[in-house]
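**Q** Listed here are the chains, written in short residue letters.
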Amino acid sequence: MSVEVLTYIIVGLTFAAYIYIGYLNRVKTTSGFYVAGHGIPPLANGMATAADWMSAASFISMAGLISFLGYNGTFYLMGWTGGYVLLALLLAPYLRKFGKYTVPDFVGDRYYSNTARVVAAICAIFVSLTYVAGQMRGVGIVFSRFLGLPINGGVAVGMAIVAFFAVLGGMKGITWTQVAQYSVLIVAYMIPAVAIAWIVTGIPIPQLALTFSDIVPKLNQLQIDLGLIEYAKPFQGKPMLDVFMITVALMIGTAGLPHIIIRFYTVPSVRAARYSAGWALLFIALLYTTAPAIAVFAKYNLINELNGKTVAQIEELDWATKWEKTGLLKFEDKDGDGVVTLKAKADETEITIDRDIIVLSTPEVAKLSPIVIALVAAGGLAAALSTAAGLLLVISSSISHDIYYRLIKPDATESQRLLVGRGMILVAVLAAGYFGINPPGFVAQVVAFAFGLAAASFFPIIILGIFDKRMNREGAIAGMIVGMVFTMYYIIGNRFFEMDPWFFKVSAEGIGTFGALLNFVVAFVVSRVTPAPPPEIQELVESVRIPRGADHFAGTDYE
Amino acid sequence: MADEPQSKAGDGVGYWKANLRLIIILLAIWASVSYGAAIFLANPFYNIPFFKINLAFWFAHQGSMLVFVVLIFVYAKMMDKIDREYDVHE
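So the protein lines, in turn, are chains F and C. Residue numbering for the first sequence follows this note's numbering, starting at 1 and increasing by one per position. Residue numbering for the second sequence follows this note's numbering, starting at 1001 and increasing by one per position.
Hints are computed from structural coordinates only; laboratory data are not their basis. Don't take each hint at face value.
[Stated by the list, open to error] Listed next, with one range per pair, are the computed distances between beta-carbon atoms: (1) C:ARG1021 / F:ASN152: 47 to 57 Å; (2) C:ILE1024 / F:LEU147: 31 to 41 Å; (3) C:ILE1024 / F:ALA160: 47 to 57 Å.
Positions of the beta carbon are idealized from the N, C-alpha and C atoms, including for glycine.
Given the sequences, and given the hints that come with them, work out the whole structure.
**A** Take a look at the structure:
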């Protein structure tokens, strides 16, 4: 059976499973729709959070990015995992106790201000919409690379699937689908990883192979011989301060992303929220500790297989010719010496390796069965669909709950609210699909935006809302605005108007760290010279600090 | 600590202080493996071998993530105990 047919079968089976799970978990209440009725067990929520978190980019591109960055790739590894410690210790338990449906809900209630609520809702929509466009594009790209379909067709199929289980099942349907998607994506990631670890080092566990085999010293030497960076040496290409700032920005950005925070509203108790964060990070770390190992093995293997070969020798490698056709791998004997050589400079190198090749080509390089190749396609799709679904729910709830219900029509009935919620998911799917098919030029730049904004807006004011009882409306709004304006100004200036990174040469990805610090300082100072929050708000803070009574809000005005 | 659990029930300030103390200790470890070992001490740690790689690289690409996972479970476990001590558990 050909790889294409197998891929159609496996992708088809997984899609059928997602639709079936979504159908089984359809909901009839707003609580089910927004927070899965607070009924998700901690372990399952951990898997769902891991799937929610790991996007098409984590699955397909991250190992490749790291293999080119070497040591400095740590800012992705630590930056995209370290935030979970902050979530578990500083945010998740208290927000679960608060128990309402969205992040703007907490901001609006804690700061007794509909202005703060609206600013938070707009922020949540902006962050999620920029992020989801990339996911839909990712679905299209997986379809085109593995099945040769047009990207737009792939985007349309992805939209239809997500729309089905998200509209019917809301958060409950999304959560249980994500549990299935995590299972698919982790199996698809680990099989090729174990195989290539075994082939390159003789140790089948990638994490151990990285530390205990001599593969890293060998890659170091190979890279130095070719005039590339010494792989395992710190701060090649980016200075220490920049690596630090990017790591912090990604960590606090992670902890401030609404689609991650709301996952912790879905568990039954405060205690469950704490454990759930642990499970989430365990499931994430399984992939995140494997990625740097794949990065090393695949890079070493690719250089060894390709560098210094004649063009005729390369044409004998099936996988090399296949990926050459996709444009992700390029060979050109520029100096005419009969062999192709990898070089540091882009205009001199005779082998060009796209970073996505590192993960995508591994099954073929390791000569695994075509079933594994089909599984990797299904895994990439699972990663993209699960992240898209979580983001779409945030967009829907920001419009239908935070804006429509809380501001425009507070007397809306349960069924009206549910209808608007479902309708908004559909609108969000269409918007995401539109951007997936017509990607705006800035899609590649928006990751810095999403994390920078989450770091500079949500993270500080949520933390202060829990840990500083004296924090008031004036402080929070001022802090949020200053943090956001500074961060956006720096990122837009740097990315679109060629502004120099004048702030200690910190890159756009890292500036959210300083934006968050500004937010903290401004909020603190302003709150101390303006009136204290009213007594009922101070009581609210007291109550979120104590676990008992987490189901207090269930059964009151929300059910 | 656990020998007089009744006396701590209702002590909201004490509970919050115990929670903050634990958070500070765990975040100090969190910062020292990530920002410490993998970033600010990376240059000296680069010269310390750790099996076949250097210690800074191990923390940067493996170790810090493993420590993060452990920290969250330690927090959850310790808070179970503190919640019961102060009688605020669910």
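**Q** Work down the list of hints and note, for each, if the structure agrees.
**A** Here's how the hints hold up against the structure:
Distance hint check for ARG1021 of chain C and ASN152 of chain F: the Cβ-Cβ separation is about 56 Å, which falls inside the suggested range of 47 to 57 Å. The supplied range of 31 to 41 Å is broken by ILE1024 of chain C and LEU147 of chain F, whose beta-carbon atoms lie about 52 Å from each other. Checking the proposed 47 to 57 Å range against ILE1024 of chain C and ALA160 of chain F shows it holds: the Cβ atoms sit about 49 Å from each other.
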